[in-house]
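Just so you know, the sequences run in chain order Y and P.
Going by the working numbering, the first sequence opens with residue 1, and the numbers climb by one from there.
Going by the working numbering, the second sequence opens with residue 1, and the numbers climb by one from there.
In case anyone wonders, no lab produced these hints; they're calculated from the structure.
From a predicted model like this one, the values you see are computed outputs, not experimental measurements.
For every residue, glycine included, the Cβ atom is placed at its ideal position computed from N, Cα and C.
Treat the hints with care, since some could be wrong.
What follows is a list of derived Cβ distance ranges for each label pair [as the list claims (entries may be wrong)]:
no., chain 1, residue 1, chain 2, residue 2, range
1, P, Arg36, Y, Ala336, 55 to 63 Å
2, P, Ala173, Y, Gln196, 49 to 57 Å
3, Y, Arg120, P, Phe140, 37 to 45 Å
4, Y, Arg152, P, Gly67, 35 to 43 Å
Calculated pairs, DSS-like style, for lysine-lysine (alpha carbon to alpha carbon, straight line, at most 27 Å) [stated by the list, open to error]:
no., chain 1, residue 1, chain 2, residue 2
5, Y, Lys57, Y, Lys239
6, Y, Lys57, P, Lys123
7, P, Lys123, Y, Lys159
8, Y, Lys198, P, Lys123
9, Y, Lys208, Y, Lys159
10, Y, Lys202, P, Lys123
11, Y, Lys208, Y, Lys198
12, P, Lys30, P, Lys123
One letter stands for each residue in the lines below.
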Amino acid sequence: MSEIAIEAHELGKRYTLGVRGRGYGTLRESLVEAAKRPFDRGRRERQPKGDQLWALKDLSLTIRSGEVVGLIGHNGAGKSTLLKILSRITEPSAGYADVTGRVGSLLEVGTGFHPELTGRENIFLNGAILGMRRAEIQARFDEIVEFAEMERFLETPVKRYSSGMSVRLAFAVAAHLEPEILLVDEVLAVGDAAFQRKSLGKMNEVAKAGRTVVFVSHNLAIIQALCSRGVLLERGRVKADAPINEAIDRYLRTLESAASEDLLQRSDRDNRAYDETLVRHLEIRDAGGTPNVVVAGRPAAIVVDVTEHLPSMECQLTIVNSLGQPIATLDSEMLAPVDVRGPEPGTRLECRIESLPLLPGRYRIDVIVKAKRHIQDGLQAAAFFDVEPGMIGERPIAAEADGDVSLPHSWRLPA
Amino acid sequence: MLRPIEPTSPPPETIRLQPTSGFSRVLAPKELWRYRDLAGQIALRDITVRYRQTALGGAWAVLQPIGFMVVFSLIFGNVAGIASNGLPYPLFSLAALVPWTFFSNALLLGSDSLVSNSALVSKIYFPRIFMPAGVIVAGFVDLAISLAILLVIVLAWGYAPSPAILALPLLLAIATAAVLGTAAALSAINVRYRDVRYVVPFGIQMWLFVSPVVYPSSQISEPWRTLSAVNPMVGVVEGFRWATLGTGAAPWDLIGISAAAAAAILLAGLAYFDRVERAFADFV
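Could you build the full structure based on these sequences and the hints that come with them?
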């Protein structure tokens, strides 16, 4: 098991900004441009044609057959672009990659499901889309149906499925692929907890069966559990290539240094964002003391400062533990009677927590700001903070308690 | 349970992914063969989905040409009194409408096929030509139904098919080549320029009137009659009349020119598709 499965050599992928952002141009624009072209031949040398972005740059990487590799990095570091190139969806702009063996890619669960087709028909269609032979699908059909737990709905059109059902079916088809190389992008975050556990078990099995797996996920705990080797990407280059624990440590350190720099300088923002207003600063603080150091059980407030006022801004905060697992989401769009929207325009959004139920440890906050029904800005790890031991519900919290949260509770015990 | 990879299976081949140029994709038969099962599934999907949740289902394949036949017979046959080579106008127009409906539907759906499947195109690799091609294959089912109805009506009207009917496969091949070439090119342009969506329905209307569907090409004076056959549908439509109604002289001159034109359109369309295919996922 030492043959090389993937060998990338100085791989690069260039996108022309603007063209990509706008989605598509109109014919008129091109015709106008073509008509203008003869007249500004001299100027074209000086004016670069649109902004170019190298999503990947000089990336060299060797993956041996049977390795399970996790790709980690910020948004926009090039993880998904690399998977897209390896799965042949898009071509590199420079360099090359040699891929040995059949590639199966799971870039998005349920891609290619057709809502009008029944579950049975979609299993065959989806299997073929993922690269399975018809005979293979036939041979594994019962297994797929059993894994998805949907014998009863086989003849129902997928459009009548609940979203959970279609995701289960999609994952079941995908999980029964038998390629030599499996590329997986953030697909395990689907279904209910039981199904997630089952999916994770399946991925584990795939990894143990000697297949090469390249895995992208923001959930570091899953990456840590599945992968033996971690490749940290930053701005399209390999920043670190090491055993998984070491790579994750490096990544967490870069996250922290990113959080401590000026947020407006960061380039790893949510790529769906409209950017009409940007997150300038984010911090959590309690009644007294230093920002980003809070005491368990005390009132705390998370304050987000943005650059511009927009009408009806909404904010979504996610508190994430040190393994990258989200613990709580605080979403202003989920209205409650205690919420207050002030009469004045402003650039400060504040989320108050009556009694911080977090156990001592290190956490980070991811933020998304929305307005005008669009995501305006999004940042992962906008701030890191430490929780100091304290009292939760008048109960002292031990520094070495297990888990991430404590619940206010009371006991009834015999004498 | 997952089986370990059998050591006896042939050593997997290595594919080099790198920037490409020139003609390397659509025209690679090995690649198309590797993905043959997917081609079948896509065509099957297009066929199955076509009339799902419609009350009349496959009847639409017949209603469309029959409806046009009725309207055209009233307007062009009765009111305008357009010549029909001595044939009853309904038969004259229906024999042309059957291949025309196939052509126009395949062109309309085919040119939108990459954009309407953008979720697939941006997430999965497969030879993209399957998208326009799948729509056309699905169109064959409609064509078979409407062709059967046409032959029934022809017989009922008292016309007996002649051996000329054996030319139908050739005529269908010309129509298929023309529509595949055109739809491939338009679907590829559509990825970059959504203008195609507005151009195609309008262009199909124009194309109908430059093809001898409502009038016979014998009404056109030479040399324009012969020259008009660079539009492949001229040879197909006139050929269909001759082959299904079994009357008149064989329009081999038109069919020959149209076949050559269709071959040229097919090659040019596929060549263009091939050249731009590699960037689809970045634009769609």
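How the hints compare with the structure:
At about 56 Å, the CB distance of Arg36/P to Ala336/Y agrees with the hint of 55 to 63 Å. Evaluation of the 49 to 57 Å hint for Ala173/P and Gln196/Y yields a pass: the beta carbon distance comes to about 52 Å. Taking 37 to 45 Å as the suggested C-beta distance range, the pair Arg120/Y and Phe140/P does not conform, at roughly 24 Å. The given range of 35 to 43 Å is respected by Arg152/Y and Gly67/P, whose C-beta atoms sit roughly 41 Å from each other.
Taking the CA atoms of Lys57/Y and Lys239/Y, the gap is about 12 Å. The hint holds against a cut of 27 Å. This hinted pair checks out: Lys57/Y and Lys123/P have alpha carbons roughly 22 Å apart, not beyond 27 Å. For the proposed pair Lys123/P and Lys159/Y, the alpha carbon gap of about 20 Å is at most 27 Å, so the pair holds. For the suggested pair Lys198/Y and Lys123/P, the alpha carbons sit about 24 Å apart, so the restraint of at most 27 Å is met.
Pair hint Lys208/Y plus Lys159/Y does not hold up; C-alpha atoms about 35 Å apart against a cutoff of 27 Å. Under the criterion of a C-alpha separation no larger than 27 Å, the hint pairing Lys202/Y with Lys123/P is consistent with the structure, at around 22 Å. For the hint linking Lys208/Y to Lys198/Y, the alpha-carbon distance of about 15 Å falls within 27 Å, and the restraint holds. The suggested pairing of Lys30/P with Lys123/P holds, with an alpha-carbon distance near 22 Å, which does not exceed 27 Å.
Checked against the numbered hints above, the structure breaks hints 3, 9 and satisfies the rest.
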